[in-house]
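**Q** Note that the protein sequences, when read in sequence, are chains A and B. Residue numbering for the first sequence follows full-length UniProt numbering, starting at 1 and increasing by one per position. Residue numbering for the second sequence follows full-length UniProt numbering, starting at 1 and increasing by one per position.
Take these hints with a grain of salt, some might be off.
List of simulated lysine-lysine pairs, DSS-like, C-alpha gap at most 27 Å [claimed, not checked]: (1) Lys323(A) to Lys330(B); (2) Lys65(B) to Lys65(A); (3) Lys190(A) to Lys284(B); (4) Lys323(A) to Lys223(A); (5) Lys223(B) to Lys331(A); (6) Lys284(B) to Lys330(A); (7) Lys223(A) to Lys323(B); (8) Lys284(A) to Lys331(B); (9) Lys284(A) to Lys46(B); (10) Lys190(B) to Lys323(A); (11) Lys190(A) to Lys323(A); (12) Lys145(A) to Lys65(A); (13) Lys331(B) to Lys223(A); (14) Lys284(A) to Lys330(B); (15) Lys223(A) to Lys190(A); (16) Lys330(A) to Lys25(B); (17) Lys25(B) to Lys330(B); (18) Lys323(A) to Lys223(B); (19) Lys331(A) to Lys65(B); (20) Lys223(A) to Lys330(B).
Hints are computed from structural coordinates only; laboratory data are not their basis.
Number of protein chains: 2
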Amino acid sequence: MTYRAPISDILLALNHGAGLQAAVKAGHYGDFDSDITAAVLEEAGKFAGDVLAPLNRVGDEHGIKLADNKVTTAPGWPDAYQRWAAAGWNAVSGPEVFGGQGLPLAINAACTEIWSASNVAFGLCPLLTLSAIEALDAHGSEELKQIYLQKLVSGEWTGTMQLTEPQAGSDVGALRTRAERAGDGTYRIKGTKIFITYGDHDMTDNIVHFVLARLPDAPAGTKGISLFLIPKFLVNADGSLGARNDIYPSGVEHKLGMHASPTCTMTMGDHGGAIGYLIGEENKGMQCMFTMMNQARLGVGLEGVGIADRAYQQALAFAQERKQGRAVGKKGDGLDPIIVHPDVKRMLLQMRSMTAAARSICYATAVALDIATRANDPKVRADAAARGALLTPIAKAFSTDIGNEVTYLGVQVHGGMGFIEETGAAQHYRDARITSIYEGTNGIQSIDLVTRKLAANGGASVWALLDELSSIVKQVETSNDPAFGTTGAKLRDALGSLERASKWLLERVASAPNDALAGATPYLRLFGSTLGGCMLAGEALAARSNGEAGSDPQRYVTVARFFAENIAVQAGSLEKTVTDSADAVNGADAALLG
Amino acid sequence: MTYRAPISDILLALNHGAGLQAAVKAGHYGDFDSDITAAVLEEAGKFAGDVLAPLNRVGDEHGIKLADNKVTTAPGWPDAYQRWAAAGWNAVSGPEVFGGQGLPLAINAACTEIWSASNVAFGLCPLLTLSAIEALDAHGSEELKQIYLQKLVSGEWTGTMQLTEPQAGSDVGALRTRAERAGDGTYRIKGTKIFITYGDHDMTDNIVHFVLARLPDAPAGTKGISLFLIPKFLVNADGSLGARNDIYPSGVEHKLGMHASPTCTMTMGDHGGAIGYLIGEENKGMQCMFTMMNQARLGVGLEGVGIADRAYQQALAFAQERKQGRAVGKKGDGLDPIIVHPDVKRMLLQMRSMTAAARSICYATAVALDIATRANDPKVRADAAARGALLTPIAKAFSTDIGNEVTYLGVQVHGGMGFIEETGAAQHYRDARITSIYEGTNGIQSIDLVTRKLAANGGASVWALLDELSSIVKQVETSNDPAFGTTGAKLRDALGSLERASKWLLERVASAPNDALAGATPYLRLFGSTLGGCMLAGEALAARSNGEAGSDPQRYVTVARFFAENIAVQAGSLEKTVTDSADAVNGADAALLG
């Protein structure tokens, strides 16, 4: 079945949950005209539904092929990519001076959700290009920018990010790829990278690789890593393509999902070494990587949201069509659609509410990253940067955990049909599985949240956020709308749990780091559930009061209530897990090895 | 990597958690000599590790082929099956009068876990045969038993269970396959069944199908269903094989997992109708099915346990080998195995403790089913039957949920490698996905738990179990072993939540059925988490006091503690979800369809 972008849900989350409307009103978005938001998203949704969604299954079934050092993508993919880029979708948030439209990241975040929902393996390619643009724009020389940036912004060429080696995954500092100074200002790179997404493909006539490597005299670890731009084809002075560079795909992985996205082993140096151009300074490659990590991680979080929404749409349609059993109390012949059964309703509401919560968190992250670069007031920018930094690991890990959980439920709603590949529910489940691993595993995100983001400024970013969330909860409490059920009480409890767990961790992050680390994963879940619950409640309040949400704003109240009573309610137990279980975790060796 | 059966863990769970030792001492197992348990399991573990485990990957990669109306299994599979049957493994708990060894179901349950862990797609075939044996033994005519039972018990022939049709899945009563009386006491069956596990294969020279069909004059719904035995090849009076019967595989499914297990569409009637023999009485087929449902559902629960244990063993080995980063506080060059990181320890402990809890629940179910047929005292038998009935949906649903969760973590521990099919972690994740769907979806199990098992006798079975669990918790509380941490408090809270949620549901199951049904899934989770937590604590106490568990019984204390502080601790929020969220679920239509 096809995909329909949930424009009303997206607009509510973007404008109210994530606070885009308020930020625009406050002047943080300069001359951005937020009236265009809906039109842009409608167009994105149309392209996604018409062009990308039908290729999702094709890509899964055909996969990609590697032959003669070239990767071929699935039928229809190169054409779709070129149409997508030609329509300007790669350039939505790109810098205007290099041909981008300069729209907010928040708009591009909603678009990223839409591409991911329609075809996550397709949408992954531009995510990498976006990171490449960010690295080049922030750290590249003027000359490199002039040669590469416009074509990357337009999407005429794509980018890759090459960090991983067999011995260097989460531990990037262990990489061994070698770069030697050629004497003319360029470098010769030799080595092997693995797990390189879209490392080669036939959708564009050039690919711009961003490769981490180590100079001969570099210090050990992360302080001795440099970032190089390595084009697949060298670029002549007039902008035309020159010689083939010495970087080739030497293998592709057979993966659980994302079959249409080539995951390449890249070999450099079989013909003397790939010609590379330094980005930033020698041995400062890790800083360049950190620059773009926020956006890349947010992008993967949005993949989680997108896949989840697609799985929900498919499960909902199935539950409305598939007839089995009767509704309670119904007599006589005939069968009812399975959506009448409370257990099926529960699964669908869980899918919908979790997806909505993750969406709101991701969009809020994008708005914070926008304000951090767009606002005039340096204090506003600094606060927003801190907010964006705090939310990024949650946006990435919580949303991708949810992508996995929602696609699991999507299979379950289909019953036996869900296990049959033809149905398509299983593809979403398979595709989602990588999102909690790549771009920093969700364990790494949790550690980042506890040791860097929570710990920054003694927790100030967290306390500021808790205050905002508390005022939303107060509005729920005073709304006197019985449709909210126990939402206010559940969210109030959750805020208390989040505050106590945050304090407990803050007290230990320096003095008893292993205790803090042991609780990192449940803490991130606690944070995401509480934050998501409050944001959904805020959106429900906004929908009730401004009538923007169409004919039935109460549906957002139901979604918020379900999330509070089923997901955010877990905050109390998660708090206890954070504070009570470190001894068991850190004393686990005998239990594990026995 | 290979599979090593965790004999110490299994024996502790079987003898102490599940209460086999006490039941034998109480005389409920007649002359069963429990000294042989360990030896039988050691042998099973050896066969599984040597023969079945190496075929697991082969089966996944080759899958099965359908050509010329015949299914061919993966290379090595027919030989392995025949060796397995020849070694007597199909006959472990079969009736002695037909050549079985008459060992307890509890022993066979442990063996089922072992087959499933080593090769779940292989182990699925005998599970179906076991159901067929049970149906035939309980309801078949003496003549049919004489012809078929010995060969089914030995495993020389396998059995299938054929319920599902395109329009009749969870709603079996909607089936349409027709049976006509042939006039000679036999029947002619025409129709199409789907999703038939091992509906055809080349591992044995005959297959005995058990097919649900409807007579022309049958009442509508489940009261008009009859059960027929339909052999693939008719059997002559001397026991030799006769003509090919009119039942053929006409299609096989392309599935997410379990690739080596053929899932067939079976067509009957292309050549005049399949010759079938009635089992039990006309129109009483559903009763025959219910007879064997307990064992079949337990079998699937054990698949969940087995896959989980296999995934755990693989993840543990990887975490001990794979080096990334340094342990906190460690200086100097070099990398540490990732098992030093608290977040990785957490994942592994979660895998281990969840698997152990599910194992204990499954084994306890088997012991109850054993006592229900073996004890002398009718009161003891009746109580055990009620216990077995109560535990069965939990054993099935909780264990298979856990199979999915543990295999998810198994992939996560592997990082990027987990997404690569070659690693093998993804196969466990794919294979596990069907277990929460087939043999009654986990939603159906939850509904069974609430509407039938909890509601039976005003909840008497639940209160009796809670009393037993409470006495275990009391022992933890009075043990004064600091290694238990907050285990006692967490389990005491969980018992309170389970009791309150049970009462809340009991009050509504008749008067407000949709409210009770809305809470069924979280209630089953609450039940499984509380029960599993108490059982692990009981096993830890037993390990400490009897020294059976080898050199370090404290490791079981750690496992029990981790489970209490991370999983059973969720009882409080699950209770609230059961009691508070029915309004949101049952008022969901506008939210879902908006």
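**Q** Tell me the numbers of any earlier hints that the structure contravenes, in ascending order.
**A** When the structure is compared with the hints, numbers 1, 3, 4, 9, 11, 12, 16, 17 and 19 turn out to be violated.
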